[in-house]
Amino acid sequence: MSRILACIDASTYATSVVDLAAWAAKGLGVDVELLHIVQRKDAIAARHDHSGAIGLGVKSELLEELTRIEEAAGRLAIEEGRILLDAGIERLKGHGVTVSSMHLHGGIVETIVEREADAGLLVIGKRGASGQFAMEHIGSKVERVVRASDKPVLIAPREFKQTPRSVVIAYDDSAAATRAVAMVAASPLFSGLPVHLVSAGVREPDGHDILARAAEPLRMAGFSVDTFVDEGKPEQVIPDYLMANADSILVMGAYGHSPLRTLIVGSTTTTMIRTVHVPVLLVR
Amino acid sequence: MTSITSIKQDWLSNPKGDALAGIVVALALIPEAIGFSIIAGVDPSVGLFASFSIAVIISLVGGRPGMISASTAAIAVLVLPLIRDHGVEYLFAATILMGIIQAIAGFLKLDLLMQYVSRSVITGFVNALAILIFIAQLPQLTNVGWETYAMVAVGLAIIYLFPRLTKAVPSPLVAIVILTAVSIYAGIKVNTVGDMGKLPSSLPSFWIPQVPFTLDTLRIIFPFSLTMAAVGLLESMMTAQIVDDLTDTPSNKRREMKGQGIANFLTGFLGGMGGCAMIGQSVINIKSGGSTRLSTFVSGVFLLFLIVVLGPLVARIPMPALVAVMIMVSIGTFSWGSIKNLRSHPWQSSVVMLVTVLVVVSTHDLAQGVVAGVVLSGLFFASKVKRLFDVSSELSGDGKTRTYRVSGQVFFASSERFADAFDFKEVLDSVVIDVSAAHFWDISAVGSLDKAILKFRREGTHVDVLGLNQASATMVDRFAIHDKPGAEAALGAH
Chain A
1 MSRILACIDA STYATSVVDL AAWAAKGLGV DVELLHIVQR KDAIAARHDH SGAIGLGVKS
61 ELLEELTRIE EAAGRLAIEE GRILLDAGIE RLKGHGVTVS SMHLHGGIVE TIVEREADAG
121 LLVIGKRGAS GQFAMEHIGS KVERVVRASD KPVLIAPREF KQTPRSVVIA YDDSAAATRA
181 VAMVAASPLF SGLPVHLVSA GVREPDGHDI LARAAEPLRM AGFSVDTFVD EGKPEQVIPD
241 YLMANADSIL VMGAYGHSPL RTLIVGSTTT TMIRTVHVPV LLVR
Chain V
1 MTSITSIKQD WLSNPKGDAL AGIVVALALI PEAIGFSIIA GVDPSVGLFA SFSIAVIISL
61 VGGRPGMISA STAAIAVLVL PLIRDHGVEY LFAATILMGI IQAIAGFLKL DLLMQYVSRS
121 VITGFVNALA ILIFIAQLPQ LTNVGWETYA MVAVGLAIIY LFPRLTKAVP SPLVAIVILT
181 AVSIYAGIKV NTVGDMGKLP SSLPSFWIPQ VPFTLDTLRI IFPFSLTMAA VGLLESMMTA
241 QIVDDLTDTP SNKRREMKGQ GIANFLTGFL GGMGGCAMIG QSVINIKSGG STRLSTFVSG
301 VFLLFLIVVL GPLVARIPMP ALVAVMIMVS IGTFSWGSIK NLRSHPWQSS VVMLVTVLVV
361 VSTHDLAQGV VAGVVLSGLF FASKVKRLFD VSSELSGDGK TRTYRVSGQV FFASSERFAD
421 AFDFKEVLDS VVIDVSAAHF WDISAVGSLD KAILKFRREG THVDVLGLNQ ASATMVDRFA
481 IHDKPGAEAA LGAH
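Respectively, the protein sequence lines represent chains A and V. Heads up: the first sequence begins at 1 in full-length UniProt numbering, then just goes up one per residue. Heads up: the second sequence begins at 1 in full-length UniProt numbering, then just goes up one per residue.
Simulated from the structure, these hints should not be mistaken for lab results. In this text the structure is predicted, and so the values were computed from the model without any measurement. Positions of the beta carbon are idealized from the N, C-alpha and C atoms, including for glycine. Do not rely on the hints blindly, as some may be mistaken.
Examples of chain A residues lying across from chain V (beta carbon under 8 Å, computed) [claimed, not checked]:
1. ALA45
2. HIS48
3. ASP49
4. HIS50
5. GLY52
6. ALA53
7. ILE54
8. LEU56
9. GLY57
10. LYS59
11. SER60
12. LEU62
13. LEU63
14. LEU66
15. ARG68
One chain only, chain A, in its complex shape (with noise of 0.2 Å):
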């Protein structure tokens, strides 16, 4: 596996997202590339002048303040950057993980998926600065990060304490779903961990035949698997399942709908992200 993209803004999630990828470093001995964007303060939206008068010069002059609002505001973020950079490169060094750093302008998902293309792995907090204050919400730029990469992407929480000691799979048969077992199965971050694979929204028998095909893969590499069954909604029944095992990691499928069908009655990927509180791994 390539190296670890990790990427950290302002937001209270930096420090879980630079632990959650040192210990996936360490556990696949790669290195980690961490990444802050920079972006534009939008210095049209920021003025407030609704006078509508043009008078001499206006559009020079516009042009000069547009920039001049925007280079101040931009100075102070490539500094708070330069600072949450050293921060988290102090940080994995302490881990024992080898770190370089990538400071650029740009959108935060161009940007992203521009520098994934040599990465194996994604690290986003859940949330970005931007939604601080919005809980039990998922950044809309995660979810947009998600869609559009085509790497898995581990998903820190809000708080990464322990490392993780068991692995949650929810399984619902879909070939996104096949995929995550496979990469659980194959990868090294997992092995000698215990597998619990959920699966829920189906009955008993149903579940438990699909989960036993699931499982054999695991334990021919291995793993000890646990099934657990639930018709419930798979919106509450993974989240209770993980308040039950707090201290592993949520493998999933990612976005199995289109978009379109995702605006009108939302995604059950978005709802799982938002409501439980371990790190997630989602698997396209």
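Starting from the structure of chain A, add chain V where the hints point.
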């Protein structure tokens, strides 16, 4: 996935700022739509419906979020003869055809032509447009009483001084409201919008222009449609560039061209005149905090609301108030820095700018001005590059061979100097023309090399051409006579 993301980005990234900016812009659209309907000789409803329809459609299909398009001065000044000679139905038909031409231009990728329009031409265009807008206000300012001048002056004073008090409300709106209230209350005798023609009282409806569908009709409207399309696209592309610069975001120019086409095509069916992007109003939009499609959309919808719901009030707005707003737009559009730059910029670029302005002001056709400016800047460029050319020569020790070394750019403008550089009177056995440091750009250059070689040979001098580099070689291989087998046989070896 990306589409939903970009839809959000294009529409909802700054809804409050966009909505407010849209409202400010709508107020600045009214004077232009009404004023230039009057100048074109049609009812204000034609311009107002066009502004509504173009703004709303372009917000959906345009390629430059945050740019304002509506019924504009640039188009209105073109159509006056069409309406005068043939009537307003022909204007609607011409607008539809204009849209078709613009969409085709978009598919033909004609936006690439914009790279031949130099900065001086753009400045000239912008200045000419500002002057056109200003000149168009003059009829309202001639043969009128002192009240009109006073109101215009007060209007301008409010527009420019009120923002010092507060920037929370659009000062053009304040000017219009105060002047309207005063003129109604004091019964001042000045022209009002209602005096200028009928305002719409209903929503625009689908309407097929009542023109005969014959070749004759096409013959009448096509020249107008073509000019309207060209001017509309030029102003739109230039405005898009200005908005690109101000927002520091890219735009899709080709999509904008097609979008302008769709907007005008549909507007023709709604009983509107053609339009395009507006420099002044787009700057107002950005300045007021608008930067997405939403602000353009809001400006169109709010405009319709104003004219349909507040129509009776709009009819009582005194013309001097609108004139004041248009003078502001004209001042804001004009590139004042260009006057200062006349002294510091190279004289050629100043001449290009001034010629563009003069041609537009004398023809009232922005397209002609741009063509003149582009041709002139091309000529100036050629005359600059032709100086990058030099021929030196030296005689061999025995005095029988002269080597000419040609360096630099040889093309139509420098080919005459190229031919003059050789001394055919000198008696020599052989001549070497070393062109390894030269570029032969076109058939004129190749032709003059040919001519020189033939002339030397007629004097009995043997000619060797050295080092035709790759660029020159292709041109020579394809066009020259002396290199072709037939020519060689006919003229003898050299």
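Practice prompt. Please write out, lowest number first, the hints stated earlier that are contradicted by the structure.
Written response: 15
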